[in-house]
Amino acid sequence: MAIRVAKPGFFTTVQDLGRYGHAHLGISPAGAADPLSFRIANLLVGNEENAPALEMTLLGASLEFEENAIVAITGASCECKAGADVIAVNTAVELPAGAVLKCGSMPTGARCYLAVQRGFDVPLIMGSASTHVGGRFGGFHGRRLQSGDVLQVRKRGPSRVRSLRPGALDSQQGQAPLRVTKGAQHDWFGPEAFEKLFSCSYIVSEQSDRTGLRLKGEVVRPREQSQLLTDGIPLGAIQVPQDGQPIILFVDQQTTGGYPKIANVIAADMHLVGQIRPRDEVRFVEFSIAEAIQVLREQEQWLQEIFK
Amino acid sequence: MKIIPASDSSLLVVFGNAISPELHERVIALFHAFQARHDPRIGNLHPGYASLLIDFDPLRLSHEELTSEVQQLANTRDSKADKGSNVGTIPVCYDVEFGPDLPDVAQHAGISLEEVIRLHSLPTYLVYFLGFSPGFVYLGGLPEILHTPRLATPRPSIAGGSVGIAGSQTGIYPVDSPGGWKLIGRTPVRMFDPEATPPTRLQPGDRMKFSPIDRGTFDEMMQSR
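Residue numbers (this note's numbering), protein chains in the order written: chain U, 56 to 363; chain S, 19 to 243.
Hints in this document: simulated from the structure, not taken from any laboratory. This one's a predicted model, so the numbers in the text were calculated from it and none came from an experiment. All C-beta atoms in this analysis are idealised placements derived from N, C-alpha and C, irrespective of residue type, glycine included. Take the hints with a grain of salt, since some may be wrong.
Said to hold, decoys possible - If you only want the chain U side, here are some residues facing chain S, beta carbon under 7 Å, derived:
#, residue
1, Phe66
2, Val188
3, Gly190
4, Pro289
5, Gln297
6, Gln300
7, Ile321
As the list claims (entries may be wrong) - Facing chain U, according to a computed beta carbon distance under 7 Å, are these residues of chain S, among others:
#, residue
8, Ile21
9, Ile22
10, Ala24
11, Ser25
12, Asp26
13, Ser28
14, Phe52
15, Asn62
16, His64
17, Ser69
18, Gln90
19, Leu91
20, Phe116
21, Phe154
22, Gly158
Sequences and hints are given; from them, build the entire structure.
Structure, rendered in structure tokens:
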């Protein structure tokens with residue numbers, strides 16, 4: 056079954072939950088920027104949660120369905136229509152053959168996900184379907200989608216759908232501060248640096264993408280300017296370059312870097328990073344590693360419980 | 019050795035604070051030890067100059083458990099050391115068309131172009147690690163006379179395969195990208211091929227040499243790749 060891209064939207068790629076085991080070759084994981092919404096989309100259409108699906112950014116795509124298909128749209132709020140019909144989000148929906156699904160702009164949030172039952176059929180590169188934009192591989196020919204592209208859907212797979220309990224996603228609303236743990240070079244920074252990081256709000260710059268979110272706000276500086284020997288960068292690390300403006304490193308990040316890392320976004324909040332838009336305001340609050348892991352455990356539990 | 023929790027899902031093992039083959043040997047020994055385990059709870063290993071970052075699933079492996087594994091493994095010998103590390107040869111065409119900064123590097127060193135080429139292709143370099151972009155190698159061993167500052171303004175686009183110098187580092191741009199290194203030549207060899215196994219020509223801990231080739235050989239190799 057084929058799906059033709061009539062309009063690609065602002066930045067649409069095929070993703071899964073990422074490509075692991077290759078960071079020592081300079082290969083970042085890529086994968087869904089909001090893995091929680093991505094997983095929910097796949098689970099709704101009955102797929103395994105890692106099945107290849109579309110990630111759409113700020114402005115959604117228009118897609119023509121050759122045959123009838125079961126899809127689910129999750130993530131950022133986005134008005135989706137097929138002809139005059141409004142297509143419900145956060146639920147599995149059957150589209151008839153010939154339908155043209157138009158996903159609009161996203162007034163809040165940055166990314167929405169479109170999963171199709173059985174998943175998109177793209178080759179696995181190093182075990183993953185994720186598009187690595189910088190390395191030009193994975194996903195659909197290693198690039199974002201363009202008008203006229205034709206995506207294939209896998210021939211085999213599940214045929215059951217699932218649904219969410221009423222109000223299941225309500226707790227996900229609201230703009231909370233990002234929870235962070237201390238970073239690998241936190242001892243390079245004095246109390247005043249942490250005071251600024253935790254009391255000020257930062258504005259996300261326009262030069263932000265899947266490699267990282269550049270923040271503008273109060274300058275954070277290490278006690279002394281010394282040179283860090285290049286070391287590995289964990290996902291969600293908050294590094295502080297010479298200008299003192301923090302950068303949150305994201306799914307397409309460099310695997311190594313030479314700037315000190317003051318803090319790190321907790322794993323359970325990385326999905327929120329994927330929904331931050333340029334010009335949004337970001338705040339941080341400190342968590343211990345034990346608390347962060349507890350929150351992650353609760354989030355996994357929550358994901359099991361939201362489905363009927 | 020210091021073991022630092024870098025995040026809720028990673029540990030940074032720091033062996034020291036210098037660029038030295040001795041410290042690096044310990045990084046690579048630990049890297050190989052974890053690689054050999056194929057532990058599904060470990061997602062990624064990032065060797066650096068003197069450290070190894072380990073990304074893992076904190077719901078299946080705790081920081082404490084991983085710390086004690088690191089302590090055990092850090093004292094073992096490198097499983098691959100006996101086999102001798104791979105010495106790769108990377109052919110380079112040191113043509114001014116490919117290496118527009120060759121005259122600049124020569125002038126900075128106060129030597130001839132031929133001498134730059136001879137000195138650059140003389141040492142056996144150590145691949146400290148890969149980072150920055152897929153397949154990008156950080157090499158140690160550039161002769162001091164060739165150390166040259168990077169460009170004041172980076173070039174917006176550099177052809178994949180370009181060989182450059184930045185300060186005390188030399189390396190190869192694996193794919194077309196922007197960059198500020200002084201360019202001295204180009205290799206016809208693909209440093210990164212996502213469909214190949216392994217996808218990169220060089221691995222952390224490898225040793226490598228540059229071997230000069232003429233323009234004719236370069237063109238032939240480009241055609242047959």
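Now the hints, each set against the structure:
| no. | hint | verdict |
| --- | --- | --- |
| 1 | Phe66 | violated, 19 Å |
| 2 | Val188 | violated, 11 Å |
| 3 | Gly190 | holds, 4 Å |
| 4 | Pro289 | holds, 4 Å |
| 5 | Gln297 | violated, 15 Å |
| 6 | Gln300 | violated, 19 Å |
| 7 | Ile321 | holds, 5 Å |
| 8 | Ile21 | violated, 11 Å |
| 9 | Ile22 | holds, 5 Å |
| 10 | Ala24 | holds, 4 Å |
| 11 | Ser25 | holds, 4 Å |
| 12 | Asp26 | holds, 4 Å |
| 13 | Ser28 | holds, 4 Å |
| 14 | Phe52 | violated, 10 Å |
| 15 | Asn62 | holds, 4 Å |
| 16 | His64 | holds, 3 Å |
| 17 | Ser69 | holds, 5 Å |
| 18 | Gln90 | violated, 21 Å |
| 19 | Leu91 | violated, 16 Å |
| 20 | Phe116 | violated, 21 Å |
| 21 | Phe154 | holds, 5 Å |
| 22 | Gly158 | violated, 12 Å |
In summary, the structure is inconsistent with hints 1, 2, 5, 6, 8, 14, 18, 19, 20, 22 from the numbered list given earlier, while agreeing with the others.
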